[in-house]
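Novice: The listed protein sequences correspond, in order, to chains L and W.
Take 314 as the starting number for the first sequence in the working numbering and just add one per residue.
Take 314 as the starting number for the second sequence in the working numbering and just add one per residue.
Honestly, the hints are just simulated from the structure, not real lab data.
Errors might be hidden in some of the hints.
[Claimed, not checked] Here are the simulated SDA-like cross-link-like pairs (lysine to any residue), alpha carbons at most 20 angstroms apart as the crow flies:
#, chain 1, residue 1, chain 2, residue 2
1, L, Lys540, W, His530
2, W, Lys540, L, Thr365
3, W, Lys545, L, Leu318
4, L, Lys335, L, Ala371
5, L, Lys489, L, Leu318
6, L, Lys540, W, Gly340
7, L, Lys540, W, Lys357
8, W, Lys357, W, Ile427
9, L, Lys357, L, Leu467
10, L, Lys545, W, Gly374
11, W, Lys317, W, Lys357
12, W, Lys540, L, Pro534
13, L, Lys545, W, Ser342
14, L, Lys545, W, Asp470
15, L, Lys545, W, Arg543
16, L, Lys540, W, Gly374
17, L, Lys352, L, Leu339
18, L, Lys540, W, Leu507
19, L, Lys540, W, Lys317
20, L, Lys545, W, Pro534
21, L, Lys545, L, Lys489
22, W, Lys545, L, Lys545
23, L, Lys545, W, Leu532
24, W, Lys545, L, Asn476
25, W, Lys317, W, Gly340
26, W, Lys540, W, Asn486
27, L, Lys540, W, Ala531
28, W, Lys540, L, Asp478
29, L, Lys545, W, Gly340
[Unchecked claim] Now the stretches of chain W that chain L is said to cover, found in silico as 3 or more residues with beta-carbon under 8 angstroms:
#, region
30, 321–332
31, 365–372
32, 470–482
33, 513–519
34, 532–541
Note that the Cβ used here is the ideal one computed from N, Cα and C, for glycine as well.
There are 2 protein chains.
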Amino acid sequence: MEAKLKIGILGTGIVGQTLGQKLVKLGHSVLLGTRNPSKLDEPKGRGPSARTLSDWLAEVGAEARISTFREAANHGEIVINALNGGASLDVLQSVGETYLNGKTLIDTSNPIDISGGFPFTLFVKDTDSLGEILQREFPNLRVVKTLNTLTAALMVDPQRVGNGDHTVFLSGNDAKAKTQVLELLREIGWHDILDLGDISTARGTEMMLSIGHAVMHALNPAEIAFKVVRNKRP
Amino acid sequence: MEAKLKIGILGTGIVGQTLGQKLVKLGHSVLLGTRNPSKLDEPKGRGPSARTLSDWLAEVGAEARISTFREAANHGEIVINALNGGASLDVLQSVGETYLNGKTLIDTSNPIDISGGFPFTLFVKDTDSLGEILQREFPNLRVVKTLNTLTAALMVDPQRVGNGDHTVFLSGNDAKAKTQVLELLREIGWHDILDLGDISTARGTEMMLSIGHAVMHALNPAEIAFKVVRNKRP
Numbered sequence: 314m315e316a317k318l319k320i321g322i323l324g325t326g327i328v329g330q331t332l333g334q335k336l337v338k339l340g341h342s343v344l345l346g347t348r349n350p351s352k353l354d355e356p357k358g359r360g361p362s363a364r365t366l367s368d369w370l371a372e373v374g375a376e377a378r379i380s381t382f383r384e385a386a387n388h389g390e391i392v393i394n395a396l397n398g399g400a401s402l403d404v405l406q407s408v409g410e411t412y413l414n415g416k417t418l419i420d421t422s423n424p425i426d427i428s429g430g431f432p433f434t435l436f437v438k439d440t441d442s443l444g445e446i447l448q449r450e451f452p453n454l455r456v457v458k459t460l461n462t463l464t465a466a467l468m469v470d471p472q473r474v475g476n477g478d479h480t481v482f483l484s485g486n487d488a489k490a491k492t493q494v495l496e497l498l499r500e501i502g503w504h505d506i507l508d509l510g511d512i513s514t515a516r517g518t519e520m521m522l523s524i525g526h527a528v529m530h531a532l533n534p535a536e537i538a539f540k541v542v543r544n545k546r547p
Numbered sequence: 314m315e316a317k318l319k320i321g322i323l324g325t326g327i328v329g330q331t332l333g334q335k336l337v338k339l340g341h342s343v344l345l346g347t348r349n350p351s352k353l354d355e356p357k358g359r360g361p362s363a364r365t366l367s368d369w370l371a372e373v374g375a376e377a378r379i380s381t382f383r384e385a386a387n388h389g390e391i392v393i394n395a396l397n398g399g400a401s402l403d404v405l406q407s408v409g410e411t412y413l414n415g416k417t418l419i420d421t422s423n424p425i426d427i428s429g430g431f432p433f434t435l436f437v438k439d440t441d442s443l444g445e446i447l448q449r450e451f452p453n454l455r456v457v458k459t460l461n462t463l464t465a466a467l468m469v470d471p472q473r474v475g476n477g478d479h480t481v482f483l484s485g486n487d488a489k490a491k492t493q494v495l496e497l498l499r500e501i502g503w504h505d506i507l508d509l510g511d512i513s514t515a516r517g518t519e520m521m522l523s524i525g526h527a528v529m530h531a532l533n534p535a536e537i538a539f540k541v542v543r544n545k546r547p
């Protein structure tokens, strides 16, 4: 039996809703934080899986709650950044380090710049990453970059593709936080969890956005994921 | 029986030597181009697989030849760019479009900037790629980016890792050239060859350098490759 965790999720788009629903199902105490918690009837996200937060609450049940970003951070022993990349730093700053210090932040965001249209580009890359920016800004937050190479549907259900035989990556400076996240990923159903090293390795996974989009476009409408295939050298 | 091809390889480092040896074994007519074809006894590359060109010639046999970059381009109906990224444009310009126009260029290079040490960065990325730069500079050359996500050993022997069950990517504007390259990759032993689309998709594979290095570092001394796992949506 896994321990029940208090989890605060920042962001109520498709990633926040999907992770939140799964974590409630797993028995965790989930609080979603959003900019305007009074506006529960606005459409969130695009596409067939877009739901209002009222619909989300009705479906997920009474165990889930929705409040402000700060309340969500305050609630969580683990905080999940499910915001889009461009909003992540601002929202964390608005929450304030008092509510973040010492906690584990699961950072699922990518530094996507949509201003130029498709193909999207990255507003930070190669010599720095969004994961590193958040870690530098909040030195006492234990940032673990993960899940950012995946669609929301795959994050919580790796079996959707290739019987789950593909890879999710971890990047972070704090070994204890990474172990905590690894255990949560296993509980979600992940088997191939690859610890890349410190938070600077988030550059690698964030920069996979380009190949990810190219592959999705080439194989549309297939769902896709990446597997790190490895052999020990003889 | 595959048709025998005339192949010119630009660059005599580990990539050029390894591809050249394999293509000679497959019965193709291979000419390696190098900056100083008279200097056959200088060490090429680093590590245990580094050989002088004299040693390479002795091992590969009389079917292979070494000459200038221009002679190699002139020889090849297919030309392979096995140069490092930083040298690629200069060398192609020194060869001149007269020797390149109408030909297929297999571009295996990556825009690696080693000036800042490890982790290496990219001198072009995200909004452009080295593949696109070469294509723009030589509009009548049919550039096909491929193999650039792999070590030289894996380029010619995908079976080394995961019984060959991993992915090699193709990017290029010319469908005929991509078919030609796809056939050559099949002859080498590749099964999972994924055509990403036009040459701009080379951004995706070139930007995989960062995740590739991170994974290799994390799993050292394992050999690694990436597999695109996919399912059709139900």
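Novice: Check whether the Cα positions of L:Lys352 and L:Leu339 lie no farther apart than 20 angstroms.
Specialist: Violated, because 27 angstroms separates the two Cα atoms, which is more than 20 angstroms.
Novice: For the pair supplied as a hint, L:Lys540 and W:Lys357, confirm whether the alpha-carbon distance does not exceed 20 angstroms.
Specialist: violated (33 angstroms)
Novice: Holds or violated: the region 365–372 of chain W covered by chain L, criterion of 3 or more residues with Cβ-Cβ distance under 8 angstroms?
Specialist: violated (count 0)
Novice: Taking beta carbons only, do three or more residues of the region 513–519 of chain W come closer than 8 angstroms to chain L?
Specialist: holds (count 5)
Novice: Within a Cα-Cα threshold of 20 angstroms, do L:Lys357 and L:Leu467 meet the stated pairing?
Specialist: holds (19 angstroms)
Novice: Mind checking the alpha carbons of L:Lys545 and W:Asp470 for me, to see if they're no more than 20 angstroms apart?
Specialist: holds (15 angstroms)
Novice: Counting residues of the region 470–482 of chain W with a beta carbon closer than 8 angstroms to any beta carbon of chain L, are there 3 or more?
Specialist: It holds: at least three residues are needed, and the region 470–482 of chain W offers 6 whose Cβ sits within less than 8 angstroms of chain L.
Novice: Please verify whether W:Lys357 and W:Ile427 have alpha carbons no more than 20 angstroms apart.
Specialist: holds (18 angstroms)
Novice: Does L:Lys545 pair with W:Arg543 here, judged by a C-alpha cut-off of 20 angstroms?
Specialist: Between L:Lys545 and W:Arg543 the Cα gap is close to 25 angstroms, so the pair fails against 20 angstroms, i.e. violated.
Novice: Need the status of pair L:Lys545, L:Lys489: alpha-carbon distance at most 20 angstroms?
Specialist: It is violated: about 27 angstroms lies between the C-alpha atoms, which goes past 20 angstroms.
Novice: Within a Cα-Cα threshold of 20 angstroms, do L:Lys540 and W:Ala531 meet the stated pairing?
Specialist: With Cα atoms ~15 angstroms apart, L:Lys540 and W:Ala531 stay inside 20 angstroms; holds.
Novice: Below or equal to 20 angstroms on CA atoms is what counts here, so check L:Lys489 against L:Leu318.
Specialist: holds (15 angstroms)
Comparing the model with each numbered hint stated earlier shows that hints 2, 3, 6, 7, 10, 11, 13, 15, 16, 17, 19, 21, 22, 26, 29, 30 and 31 do not hold.
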